[in-house]
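**Student:** Listed below, chain by chain, are the residues.
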Amino acid sequence: MLLSLILITVYFREPAGGGLHSVQGTGATVLRPFEVASNRVAAPFRDAYGWFAGLIHAKSENARLREQLDKLRSEKIQGANAVRENGDLRSQLHYVGLARFPQDYDYVATDVISRSPSDFQQQIGIAAGSSSGIRVNDPVATSDGLVGKVSHVAPHSAQVTLLTDPNLNVSALDLHTQATGLVGHGEGQGTLTLDRVQKAQSLHEGDTIVTQGWKLKGLSSIYPYGIPIGTVSGATNSEVDLYWNAQVSPFVHFDSLQSVLVLIPKTRNRP
Amino acid sequence: MSANLLEPAKAALLIFLAAILQVTIFSQIDILGGYPDVVLLTLVAIALLRGSIYGATLGFFAGLLVDTANLATLGVTSLLLTIAGYWIGRYGETTGRDRLHAPFVSVAVATVLVQLGALILHYLLGDDVSAKTVLVTTLPPKVLLNLLLTLPVYAVVRRLLAVGAPVETVTEVRLLG
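Residue numbers (the numbering used here), protein chains in the order written: chain A, 1 to 271; chain B, 1 to 177.
For the record, the hints were derived by calculation from the structure and aren't laboratory data. Incorrect hints may have been included.
[Claimed, not checked] Computed Cβ-Cβ distance ranges for the label pairs, DEER-style:
#1 P141/B x E85/A: 50 to 58 Å
#2 K132/B x L3/A: 45 to 53 Å
#3 D195/A x I31/B: 28 to 36 Å
[Unchecked claim] Below, in silico cross-link-like pairs of lysine to any residue (SDA-like), each with a Cα-Cα straight-line distance of 25 Å or less:
#4 K10/B x M1/A
#5 K132/B x L182/A
#6 K10/B x A42/A
#7 K10/B x V30/A
#8 K59/A x K132/B
#9 K132/B x D241/A
#10 K217/A x H94/A
[Claimed, not checked] Which bits of chain B does chain A cover? Going by a derived footprint, with three or more residues having C-beta under 8 Å, they are:
#11 22 to 36
#12 68 to 75
#13 129 to 138
Because the structure is a prediction, the values reported are computed rather than measured. Note that the Cβ used here is the ideal one computed from N, Cα and C, for glycine as well.
Taking the hints into account, I'd like the entire structure generated from these sequences.
**Tutor:** Structure follows, in structure tokens:
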């Protein structure tokens with residue numbers, strides 16, 4: 001017990017590059033092959049379960065996706081025109097903007113090898129670390145959207161704090177109304193909330209929420225502008241509330257992450 | 001390897017396997033909002049069968065493995081599992097070992113107390129924790145899933161640890177008087 005308390009105290013007080021953190025990083029590297037092997041053995045069973053689970057919802061999902069496809073087709077045409085127009089205007093104005101996603105970022109694609117067995121921290125372990133150029137606070141995403149950020153790095157593995165973790169908030173933007181707020185964990189597992197949206201701004205159900213990517217007096221958000229987060233699934237405000245009370249349905253399925261992309265700025269020198 | 005060393009080695013290997021399976025497979029299973037804790041189940045089985053010293057030592061070892069694999073704060077899980085292992089071990093040494101209900105009672109109580117202890121520890125460390133999520137949403141399914149897995153895990157641990165255990169046999173009976 002005493003040893004545990006000493007470990008907690010030293011680990012908690014030392015900086016991220018301290019002795020215990022280094023020992024832990026080495027330990028994580030040693031454990032990595034076992035985790036990878038275990039994941040490979042479990043993969044066929046997990047896939048089979050996912051296949052059967054998918055069948056149950058296939059019909060209703062098909063109808064929903066067809067409806068969504070029709071809507072997206074018309075939006076795509078409008079979007080393509082807007083992008084072309086935006087590019088023309090930017091080049092005419094010689095516009096200098098923030099780093100943008102995905103064109104200003106490289107990525108490291110890596111397997112998810114572990115998940116924190118705790119209800120207190122929503123974290124996953126990935127099979128790439130500082131040897132791949134990953135650093136603390138690098139944003140992590142999948143093709144669906146934002147997953148979270150790198151919170152600890154070892155030479156050959158890293159810990160990613162998910163967007164559903166109580167300690168993580170991301171500045172976000174409603175693409176349709178330009179309302180800004182903070183996305184954080186929701187009440188239920190795998191749900192998110194959008195907080196700090198002024199009541200003067202507007203939110204609508206179905207609006208797409210993306211990362212805001214702000215920059216202010218030398219400080220900037222670690223997340224570039226435009227990484228999809230989710231859609232507004234419900235928004236209410238009452239007279240006593242200062243801000244909107246909004247729920248966000250994330251694009252990423254946090255419970256079934258198998259691989260992720262760690263985003264690394266192209267300006268960074270990689271090993 | 002002598003029988004004296006074989007048994008601790010087997011117990012350590014069991015805990016190691018349980019920790020690897022927990023962080024890679026069982027933590028990703030979501031049934032009714034919870035997931036089973038095979039590290040705790042294995043620890044409870046070993047502690048009941050082999051006593052408080054085994055329980056406390058392997059609890060510390062298991063916690064260290066889990067925290068290392070997850071790059072989490074070292075010592076948090078160790079502290080909780082050390083106490084759980086010691087307490088279950090003492091229960092086994094004193095009253096529980098041969099009782100049929102002992103593994104189930106131990107698993108249910110240990111799951112609740114470890115979860116409660118973790119909540120307090122994380123709160124003290126400054127983590128933003130939701131007592132409602134931890135105690136209302138995830139604890140009941142976790143207890144249920146752990147209880148469902150208690151019998152198979154206990155049976156496997158009992159079988160594996162019993163192989164190297166010294167067997168007490170009566171060699172001679174002398175009549176007095």
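**Student:** Now, for every hint given, state plainly whether the structure supports it.
**Tutor:** Do the hints match the structure? See the list:
As the Cβ distance of P141/B to E85/A is approximately 52 Å, the hint placing it in 50 to 58 Å holds. Take K132/B and L3/A: their Cβ atoms lie about 33 Å apart, and the range 45 to 53 Å is violated. Separated by about 30 Å at the C-beta atoms, D195/A and I31/B satisfy the suggested range of 28 to 36 Å. A threshold of 25 Å between alpha carbons decides the hint, and for K10/B with M1/A the separation of about 23 Å falls inside it, so the pair holds.
Taking the CA atoms of K132/B and L182/A, the gap is near 22 Å; set against the 25 Å cutoff, the hint holds. Annotation: proposed proximity of K10/B to A42/A holds, straight-line Cα distance about 23 Å (limit 25 Å). Taking the CA atoms of K10/B and V30/A, the gap is near 20 Å; set against the 25 Å cutoff, the hint holds. A hinted pair counts as satisfied when its Cα atoms are at most 25 Å apart, and K59/A with K132/B does not qualify at roughly 35 Å.
A C-alpha spacing of about 22 Å is found between K132/B and D241/A, which places the hinted pair at or below 25 Å, so the restraint holds. At most 25 Å may separate the alpha-carbon atoms for a hinted pair to count; K217/A and H94/A meet this at roughly 22 Å. Residues of the stretch 22 to 36 of chain B with a Cβ under 8 Å from some Cβ of chain A number 10, which satisfies the need for three, so the listed coverage holds. Restraint check on the stretch 68 to 75 of chain B versus chain A: 8 residues with Cβ-Cβ distances below 8 Å, three needed, restraint holds.
Coverage of a stretch by a chain is defined here by at least three residues with a beta carbon nearer than 8 Å to that chain's beta carbons; for the stretch 129 to 138 of chain B and chain A the count is 7, and the condition holds.
When each numbered hint is compared with the structure, violations occur for hints 2, 8.
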